[in-house]
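**Q** If you read the protein sequences in the order shown, they are chains F and L.
Letter by letter, the first sequence follows residues 1 to 86 of the numbering used here.
Letter by letter, the second sequence follows residues 1001 to 1632 of the numbering used here.
Since the hints were made in silico from the structure, they are not lab data.
The structure displayed is predicted, hence computed values, not measured ones.
Glycine included, each C-beta is placed from N, C-alpha and C at the ideal position.
Just to be clear, a hint being listed does not mean it is correct.
[Stated by the list, open to error] Using 30 Å as the maximum straight-line C-alpha spacing, the simulated BS3-like pairs for lysine-lysine come out as follows:
hint, chain 1, residue 1, chain 2, residue 2
1, L, K1240, F, K83
2, L, K1592, L, K1480
3, L, K1052, L, K1578
4, L, K1240, F, K60
5, L, K1582, L, K1592
6, L, K1128, L, K1240
7, L, K1240, F, K62
8, L, K1311, L, K1480
9, F, K80, L, K1240
10, L, K1592, L, K1578
11, F, K83, F, K60
12, L, K1515, L, K1344
13, L, K1480, L, K1582
14, F, K62, L, K1128
15, L, K1480, L, K1515
16, L, K1311, L, K1515
17, F, K60, L, K1128
18, L, K1578, L, K1480
[Claimed, not checked] Chain F regions said to be covered by chain L (calculated; three or more residues, Cβ under 8 Å):
hint, region
19, 15-26
20, 45-51
[What the hints assert, rightly or not] Derived contacts from chain F toward chain L, CB cut-off under 10 Å, selection only:
hint, residue
21, E54
22, S55
23, K60
24, F61
25, K62
26, V66
27, E67
Here's the letter readout for the chains.
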Amino acid sequence: MSRRMTDQDIVDALSRILRILLRDEATVLTPQTTRPDVPGWDSLMYINFIVAVESEFGIKFKLADVESFETVGDIVQQIKALKRWG
Amino acid sequence: MNWLPPPDEFRARLAAIQGSGTARDRLEELSGLANMQLSFLETMQVDAALSKTGQVADSGVDNLRLAVLAGSTIDHLLPSIRVAGLRRGLRIETYAAGYRQYRQELIEPASQLYEFRPDAVLFSLVAKEFIGATPIAASPDEADRLIDATVQDLRGLWKRARDELRTFVIQQSFLDVEVPLFGGLDAVVPAAPARLIARLNAALADAAYEDSVLWLDIARASARDGLDTWFDVVRWLQAKMEIGPPAAMIYGDLVARLIAAARGKSKKCLVLDLDNTLWGGVIGDDGIEGIVLGHDSGVGEAHLALQRYAKTLMDRGVILAVCSRNDPAIVEAAFRDHPEMVLKRSDFAAFAANWNDKVTNLETIADQLNIGLDSLVFVDDNPAERAHVRASLPMVAVPELPADPAHFVRRIAEAGYFEAVSFTREDHERARQYSANKNRASLRNAAGGMDAFLQQLGMSVDFGPVTSLNIARATQLINKTNQFNTTTIRLSESEVAALAAVPGSILLQFRLIDKFGDNGIVSVMIVVPAEGEAGVLDMVIWVMSCRVFGRQLEEEALNIVVEAARRRGARTLRATFKATAKNAVIKDLFAKLGFLHSDTAEKTDASSQWFLMLADYIPRPTRIARNEQAHD
Chain F
1 MSRRMTDQDI
11 VDALSRILRI
21 LLRDEATVLT
31 PQTTRPDVPG
41 WDSLMYINFI
51 VAVESEFGIK
61 FKLADVESFE
71 TVGDIVQQIK
81 ALKRWG
Chain L
1001 MNWLPPPDEF
1011 RARLAAIQGS
1021 GTARDRLEEL
1031 SGLANMQLSF
1041 LETMQVDAAL
1051 SKTGQVADSG
1061 VDNLRLAVLA
1071 GSTIDHLLPS
1081 IRVAGLRRGL
1091 RIETYAAGYR
1101 QYRQELIEPA
1111 SQLYEFRPDA
1121 VLFSLVAKEF
1131 IGATPIAASP
1141 DEADRLIDAT
1151 VQDLRGLWKR
1161 ARDELRTFVI
1171 QQSFLDVEVP
1181 LFGGLDAVVP
1191 AAPARLIARL
1201 NAALADAAYE
1211 DSVLWLDIAR
1221 ASARDGLDTW
1231 FDVVRWLQAK
1241 MEIGPPAAMI
1251 YGDLVARLIA
1261 AARGKSKKCL
1271 VLDLDNTLWG
1281 GVIGDDGIEG
1291 IVLGHDSGVG
1301 EAHLALQRYA
1311 KTLMDRGVIL
1321 AVCSRNDPAI
1331 VEAAFRDHPE
1341 MVLKRSDFAA
1351 FAANWNDKVT
1361 NLETIADQLN
1371 IGLDSLVFVD
1381 DNPAERAHVR
1391 ASLPMVAVPE
1401 LPADPAHFVR
1411 RIAEAGYFEA
1421 VSFTREDHER
1431 ARQYSANKNR
1441 ASLRNAAGGM
1451 DAFLQQLGMS
1461 VDFGPVTSLN
1471 IARATQLINK
1481 TNQFNTTTIR
1491 LSESEVAALA
1501 AVPGSILLQF
1511 RLIDKFGDNG
1521 IVSVMIVVPA
1531 EGEAGVLDMV
1541 IWVMSCRVFG
1551 RQLEEEALNI
1561 VVEAARRRGA
1571 RTLRATFKAT
1581 AKNAVIKDLF
1591 AKLGFLHSDT
1601 AEKTDASSQW
1611 FLMLADYIPR
1621 PTRIARNEQA
1631 HD
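Modelling step: build the complete structure from the supplied sequences, incorporating the hints.
**A** Okay, here's the thing in C-alpha cells:
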C-alpha cells in the first residue's frame, strides 16, 4: 500500500482488516468509531489489529501512539503522518 | 518460509472457496492456500475459512487437539498453528490455557484444560519465570541448584500432563531475550541470564529426550532468523507477547511439523532432478566431462554440497530417488565414471531417468517404493516442472528453489520435511534395505514360484517382548505405518509402555532377517486382555512394514502370538479391522489367516470384528525359521 490514499481509502482498508480479524462481515468503521463501539474488539484483537495494520501499510507505530489512539480517525492521521501523506 | 511459493491469486481463490463446494473440496483448496507463503492477515483468513469447513472423513487429514500452556500471550499464534497443521496433513483444534494459568489448570481436574481433552500439550514458557529472581552474584552452587530444580519442576509438569491428560508432551526451548550484561563474560558468570538460559536449554533437551517429550527448538530457529524477527520488545511491553506476530507463521510450522512427525506424517523420500540440480549444466548437451560438479568452482561445490546433504539424509533413513528427463545410458555412466560424484547409482532406491512426464515418473517411484505420493519431496530447479507437479500432484511437497544453487541445501533443510522424533539403528539402515529389496525382487523374478523364492531367501525371525531397548523403534513403527495397520491407532512411547504394564498383555516385536540382510524390526503386535471377558484377548495393534508384506511373516507372527496367548490361558483372540484410505491392502488379512467374522458385533463399512478360537488353531507352515530373543 504505497500509493497515496485518501482518508476514506484508509478507513476502508482498516474496516477490511478488522472484518478479517473479527470474522464479522458487518463490521464498518468510520473516523468517529471507538473500540467499545465494535463488539469483540477487545485488547488482544486490538494488538492483532495494530500488527496487521503495521504490516499492511509497512509502518511501525510507537508504543505511546498505540496507547493513545481513541478513534479510528486518530489511527488514520498517524498512518498518514508515518507514510508522509500529510 | 521461503520454501513455499508466493501466494497466487490469494483473494480470488479464497473468495471462490467461500462461495460453495463440498467440505472436501474446500479442505483441498484450503490446503492449497496453506501451502503458499502467507502474511499474518492471510493466515487469519485461511484459518477463518477452515473454521467454517465441516469435518471430512478419509481426507488423509488427521484430527488432533492441542493445548498450549503458556507463560506469555500466545493467542495470536494459534491461527498459524492451525494453518500450518493443514499444510502438514493435520486438522488441529487448539486450546490456550489462561495467561500463566497453566499450573492451576494442570492441577485442577475440573479445569477447562481437562474438559478440552487434548491429544497433545505444548509447554510454551518464558525463561524469566524461572530465572528472574536469581541475584547476579549467586554462587555456582546456587546456579546449579536452580538448573536442577527447574528441570525437576518441568519434569513434574510433563508427567502430570502425560498421566492425567493421557497426552504426548512438547516442550519448547527458552528464548534468550535478555540484553547483554557483561558482554563476553555472560557466557561464564554463573548467574548471568544468558548462561542460565543456555544451561537450562541443554539440560531440558536431555531430560525431554529421556522422558520422550518432544523438543521444539525455537531458540535455534530464532538464532537463524535473528532475534528481532521473533521478539519485539514493543509487543512484549504492550501485550506480553514473547513470540511476536512476524514469527507466527514459522512458529506454527515448527509446531505442526513436530506433531506431524510424531503422527508418522513426515516425508520419507527425497526425489532429485539431475541437470542443474544434482550437478550444474545439462549432461545430454555438455557430456559427462562438461557438467559442473566438484572442487574446481564455487558452483561445483554447491552441487556437491547438495549431493553430500542427500547422502547424510540417506544415512538417517530418508530414501533417495531420481526423477529426470534424460538419456538413461548417459546418466548411468555419469554416476559410474564422474570422479567427483558423491552419490552412487546404488544409493537410489528408485531411478527414473527417461523421457516420460515427471508426474508419471513420480507416480511410478511411489508405486515401486510402496509408499504414498504424500511421502515424496520433489526437488527440481525448473520452475515450470515444479508448477506442473504442484498442480497435478498437490500431495507431493515441492520446495521453491532460488536461482542460485548455493542456497539449495539450506532451502530444502529448512522446510523441515524430514522432521523426526527419534533416530534408531533401523533408520540408519533403511536406505540400504530398500536397495537390498531390489536384489530380492530380481531373485523373485529368477526363482520361479513363490515358495521357491521364499525358501531361497533363507528367512528367520527374531522376536521378543517390547522392552526399553526397542520401544523407540516399536513406537515409531506404530505411528509411521499406514498400509499394514489393522486399527491405525497411534500411541506415544509412554502409552506403549503403559500397555506393556497391563497384566496379561502381550507386546511383541519381530525382526526379519534374510540372506540379503537384516530388515530390522518390521512388525509390532499389541494384545491386551478384554475387560470383563475372561479368556478373551484383544489385538489392539498390528503393524508391519510395507517392505516385508507377503513374505509369510503375517503367518509366522500369528503362530507366535497364538502360542503366547495359549500360555496365558486365553481361549479367544479378537481382532478389529478399521478401514482407512491407506490400508486396503490388508482388508482380507484376518479372513486369510482363518479368523471368523463376527456377525453380532456392531458392524460398519469402516470397521469389522474377527475371532480366532485358539483351541482350533493349527500353526501355519512358513519358510521362516524362528529365533526367540532371551527374556530379561
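**Q** Determine for every hint whether it applies to the structure shown.
**A** Results for each hint:
Between K1240(L) and K83(F) the CA atoms are separated by roughly 28 Å; this keeps the pair inside 30 Å, and the hint holds. The straight-line distance between the Cα atoms of K1592(L) and K1480(L) is roughly 24 Å, inside the 30 Å bound, and the hint therefore holds. Proposed proximity of K1052(L) and K1578(L) is supported: the alpha carbons are some 28 Å apart, at most 30 Å. At roughly 18 Å between alpha-carbon atoms, K1240(L) and K60(F) fall within 30 Å of each other, so this suggested pair holds.
Note on K1582(L) and K1592(L): the hinted pairing holds, with a Cα-Cα distance of about 19 Å set against a maximum of 30 Å. A distance of roughly 12 Å separates the Cα atoms of K1128(L) and K1240(L); the hinted pair therefore holds under the 30 Å criterion. For a cut-off of 30 Å, the pair hint linking K1240(L) to K62(F) stands: about 16 Å separates their Cα positions. Distance check on the hinted pair: K1311(L) and K1480(L) sit about 22 Å apart at the alpha-carbon level, within 30 Å; holds.
For the suggested pair K80(F) and K1240(L), the alpha carbons sit about 28 Å apart, so the restraint of at most 30 Å is met. Restraint check for K1592(L) and K1578(L): satisfied, since their Cα atoms lie roughly 16 Å apart, inside the 30 Å limit. Distance restraint check for K83(F) and K60(F): the Cα-Cα separation of roughly 10 Å lies within the 30 Å cut-off, and the hinted pair is therefore satisfied. Annotation: proposed proximity of K1515(L) to K1344(L) holds, straight-line Cα distance about 23 Å (limit 30 Å).
With a CA separation close to 12 Å, the supplied pair K1480(L) and K1582(L) stays within the 30 Å bound. Between K62(F) and K1128(L), the direct Cα distance comes to roughly 25 Å. Compliance with the 30 Å bound is thereby established for this hinted pair. Pair hint K1480(L) plus K1515(L) holds up; C-alpha atoms about 26 Å apart against a cutoff of 30 Å. Only pairs whose Cα atoms come within 30 Å are accepted, and K1311(L) paired with K1515(L) is accepted, the gap being roughly 25 Å.
Our distance criterion of 30 Å between C-alpha atoms is met by K60(F) and K1128(L), whose separation comes to about 27 Å. Distance hint between K1578(L) and K1480(L) is fulfilled; the C-alpha atoms sit about 16 Å from each other, no more than 30 Å. With 4 residues bearing a CB less than 8 Å from a CB of chain L, the region 15-26 of chain F meets the requirement of three and the coverage assertion stands. Judged by the Cβ-Cβ criterion of 8 Å, the region 45-51 of chain F is covered by chain L as claimed, because 3 of its residues qualify and three suffice.
The closest approach between the C-beta of E54(F) and any C-beta of chain L is roughly 9 Å, which is under the 10 Å cut-off, so the hint is satisfied. Interface restraint check: S55(F) against chain L, minimum CB-CB distance 6 Å, threshold 10 Å, status holds. For K60(F), the shortest C-beta to C-beta distance to chain L is roughly 8 Å, which falls under 10 Å, so the interface hint holds. Evaluation of the F61(F) hint against chain L yields a held restraint, the C-beta minimum of about 8 Å falling below 10 Å.
Proximity of K62(F) to chain L holds as hinted, the smallest CB-CB distance being about 8 Å (cut-off 10 Å). Because the closest C-beta pair between V66(F) and chain L is about 6 Å apart, less than 10 Å, the hint holds. The beta carbon of E67(F) is positioned within 10 Å of a beta carbon in chain L (closest approach about 8 Å), and the interface hint is therefore held.
Taken one by one, the earlier hints all hold for this structure without exception.
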